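Novice: Based on the provided sequences and hints, a complete structural model is requested.
Listed in order, the protein sequences are those of chains W and U. If you want the working numbering, it's the position in the first sequence, counting the first as 1, plus 292. If you want the working numbering, it's the position in the second sequence, counting the first as 1, plus 292.
Since the hints were derived computationally from the structure, they do not count as laboratory data. Computed from a predicted structure; not experimentally measured.
Because identical chains cannot be distinguished in the list, a pair is counted as satisfied if it fits within a single copy or across any two copies.
Below, a list of computed lysine-lysine pairs in the DSSO-like style, where the Cα atoms sit at most 27 Å apart:
id : residue 1 : residue 2
1  : 502       : 590
2  : 396       : 444
3  : 598       : 333
4  : 333       : 467
5  : 500       : 408
6  : 408       : 502
7  : 598       : 502
8  : 506       : 590
9  : 590       : 509
There are 2 protein chains.
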Amino acid sequence: MKQLATLACTLTLTHALSAADPLPSWNDTAPKKAIIEFVEKVTKEGSDDFVPVSDRIATFDNDGCLWAEQPVYFQALFIFDRIKELAPEHPEWKTKEPFASVLKGDIKSALAGGEKALLEMAMATHAGMTTDEFAKIANDWITTAKHPKTGKLYTEMVYQPMLELLTYLRANDFKTFIVSGGGIDFMRPWTERVYGIPPEQVIGSSVKTKFEIKDGKAVVMRVPEIGFIDDKEGKPVGIQTHIGRRPIASFGNSDGDLQMHQWTQSGDGPRFSLYVHHTDAEREWAYDRDSHIGRLDKGLDEAREKGWTVVDMKNDWNKVFAFEK
Amino acid sequence: MKQLATLACTLTLTHALSAADPLPSWNDTAPKKAIIEFVEKVTKEGSDDFVPVSDRIATFDNDGCLWAEQPVYFQALFIFDRIKELAPEHPEWKTKEPFASVLKGDIKSALAGGEKALLEMAMATHAGMTTDEFAKIANDWITTAKHPKTGKLYTEMVYQPMLELLTYLRANDFKTFIVSGGGIDFMRPWTERVYGIPPEQVIGSSVKTKFEIKDGKAVVMRVPEIGFIDDKEGKPVGIQTHIGRRPIASFGNSDGDLQMHQWTQSGDGPRFSLYVHHTDAEREWAYDRDSHIGRLDKGLDEAREKGWTVVDMKNDWNKVFAFEK
Chain W
293 MKQLATLACT LTLTHALSAA DPLPSWNDTA PKKAIIEFVE KVTKEGSDDF VPVSDRIATF
353 DNDGCLWAEQ PVYFQALFIF DRIKELAPEH PEWKTKEPFA SVLKGDIKSA LAGGEKALLE
413 MAMATHAGMT TDEFAKIAND WITTAKHPKT GKLYTEMVYQ PMLELLTYLR ANDFKTFIVS
473 GGGIDFMRPW TERVYGIPPE QVIGSSVKTK FEIKDGKAVV MRVPEIGFID DKEGKPVGIQ
533 THIGRRPIAS FGNSDGDLQM HQWTQSGDGP RFSLYVHHTD AEREWAYDRD SHIGRLDKGL
593 DEAREKGWTV VDMKNDWNKV FAFEK
Chain U
293 MKQLATLACT LTLTHALSAA DPLPSWNDTA PKKAIIEFVE KVTKEGSDDF VPVSDRIATF
353 DNDGCLWAEQ PVYFQALFIF DRIKELAPEH PEWKTKEPFA SVLKGDIKSA LAGGEKALLE
413 MAMATHAGMT TDEFAKIAND WITTAKHPKT GKLYTEMVYQ PMLELLTYLR ANDFKTFIVS
473 GGGIDFMRPW TERVYGIPPE QVIGSSVKTK FEIKDGKAVV MRVPEIGFID DKEGKPVGIQ
533 THIGRRPIAS FGNSDGDLQM HQWTQSGDGP RFSLYVHHTD AEREWAYDRD SHIGRLDKGL
593 DEAREKGWTV VDMKNDWNKV FAFEK
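Specialist: Okay, structure coming up:
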């Protein structure tokens with residue numbers, strides 16, 4: 293009985309997998325071929341390139357890789373909305389930069405203070421509450437706020453080809469992780485629903501947290517201090533802290549992902565690294581070396597030099613967003 | 293065909309699960325009954341207590357909960373062995389405490405300096421190499437070093453009833469995590485093999501790490517500074533950082549696990565917390581309120597007050613170690 297079941301399961305599964313194109317939003321150009329070749333190679337039992345299931349770790353950047361990141365990181369838009377929401381409790385913000393500019397709707401001036409200003413706004417809006425409270429705030433925003441250009445929910449602005457890729461990798465027993473410079477607790481409330489990636493497989497930047505008994509109940513409080521920055525050199529550190537082993541495949545779109553790719557590539561056996569190159573000003577945005585958001589400069593050079601896969605969004609994807617006609 | 297396969301799979305699985313006692317090393321006393329009652333309750337679809345698979349998170353302390361921790365934490369014995377190994381490179385250790393005492397085999401004096409001394413020895417032996425190099429050092433030790441009293445490998449000194457419990461929970465779609473005060477990278481090389489818990493589901497104390505390009509190769513270096521202490525108030529923080537959601541079941545044996553239990557218990561819906569109480573001086577060790585290793589004092593009071601499950605090792609387990617006759 294058990295053997296019959298196993299046989300029947302195997303047949304059903306094999307049939308289901310071979311029946312359809314796993315990556316229909318990808319054109320039949322080099323990147324799609326490279327992905328499929330890699331996956332078939334590492335999953336072929338008995339071959340030299342075979343990788344056991346437990347080592348099939350794939351890491352994905354989020355902003356600009358799984359979902360869009362223009363005109364600014366979506367989490368920055370969340371921060372601006374939070375500042376407006378919290379303004380009545382902070383009368384001093386009316387005259388204090390960068391908050392004053394946000395309240396006037398002048399985002400350009402608000403961001404003129406660079407990383408320091410953004411960090412100050414993040415701390416003012418991302419700390420001082422319990423982890424449960426923050427999860428609810430993030431989830432309420434992500435399920436209602438709309439993108440300024442497309443008018444879509446931010447979770448609709450995920451790249452259809454990347455969703456297919458996540459599904460394809462998981463169907464081949466890869467474990468998929470997010471490794472993002474964005475806030476770990478900003479992403480966790482919705483990544484399982486949107487990407488099929490559970491909270492424990494999300495790595496990101498964080499504030500410090502502190503355990504407390506509050507009104508007789510155990511809570512974890514969010515403290516307005518940087519805990520970890522999961523960007524550039526931070527990405528391999530975050531991967532090592534959370535996963536404890538090296539990915540065999542990594543996916544990104546900016547120089548912030550370069551060290552993750554280098555870390556992935558420096559392991560033994562077959563390796564796959566991919567850059568999404570934003571080349572489609574019509575369906576999405578076109579930007580790379582000179583962009584202040586998601587700059588891809590050194591990474592593009594190294595990818596070409598080392599033969600990593602570079603996706604030309606315009607030519608390699610026949611669909612960017614699921615909502616396109 | 294697909295329906296037949298599903299039916300056959302289901303029948304086989306149902307048969308396999310109902311055929312045997314899932315916890316044969318547990319006597320039919322209260323703790324075993326409480327565990328089974330909890331698992332059946334949260335997995336019964338349609339019931340008020342049903343918990344969806346994605347929320348079935350169970351966290352386990354390691355030292356004294358999954359494996360023994362006497363006469364001292366096994367990682368301390370690893371540290372002592374490392375000091376002896378590294379002594380030729382450190383002639384100054386001959387006259388410098390606590391190293392000098394370790395080299396003389398006088399562990400009691402070496403530990404007299406308390407946590408500070410242990411930390412100093414940990415930093416001297418757990419940093420200054422790449423994460424890959426450290427994983428190899430830890431794995432080489434764990435596969436060869438023997439326990440001073442039993443003469444067994446340390447990985448043979450895991451509690452058979454807890455192995456059965458891990459398997460039973462996973463068979464019921466729980467995701468099992470280690471949340472230990474021990475070193476995260478000391479445990480990761482062997483937890484999958486010994487407990488069926490992969491590296492990414494291990495949470496523990498850590499040193500800081502740093503990404504580097506060394507001889508043209510990407511490495512993550514271990515730095516001699518404390519990164520995180522995963523004990524007491526640190527456990528809920530570690531759980532939040534790594535898992536991002538509250539466990540519904542937690543397992544420990546000391547006051548160091550109390551906050552993890554409190555964090556688990558403070559969520560909505562059914563909750564289960566368990567303390568292993570070391571009461572068996574014959575098959576294992578007997579210690580609790582006055583022990584300097586794995587002290588169980590406040591936790592025991594709170595467990596009794598709140599009705600958490602307390603395992604009386606002597607009376608509730610018919611086998612402690614698999615190697616017993």
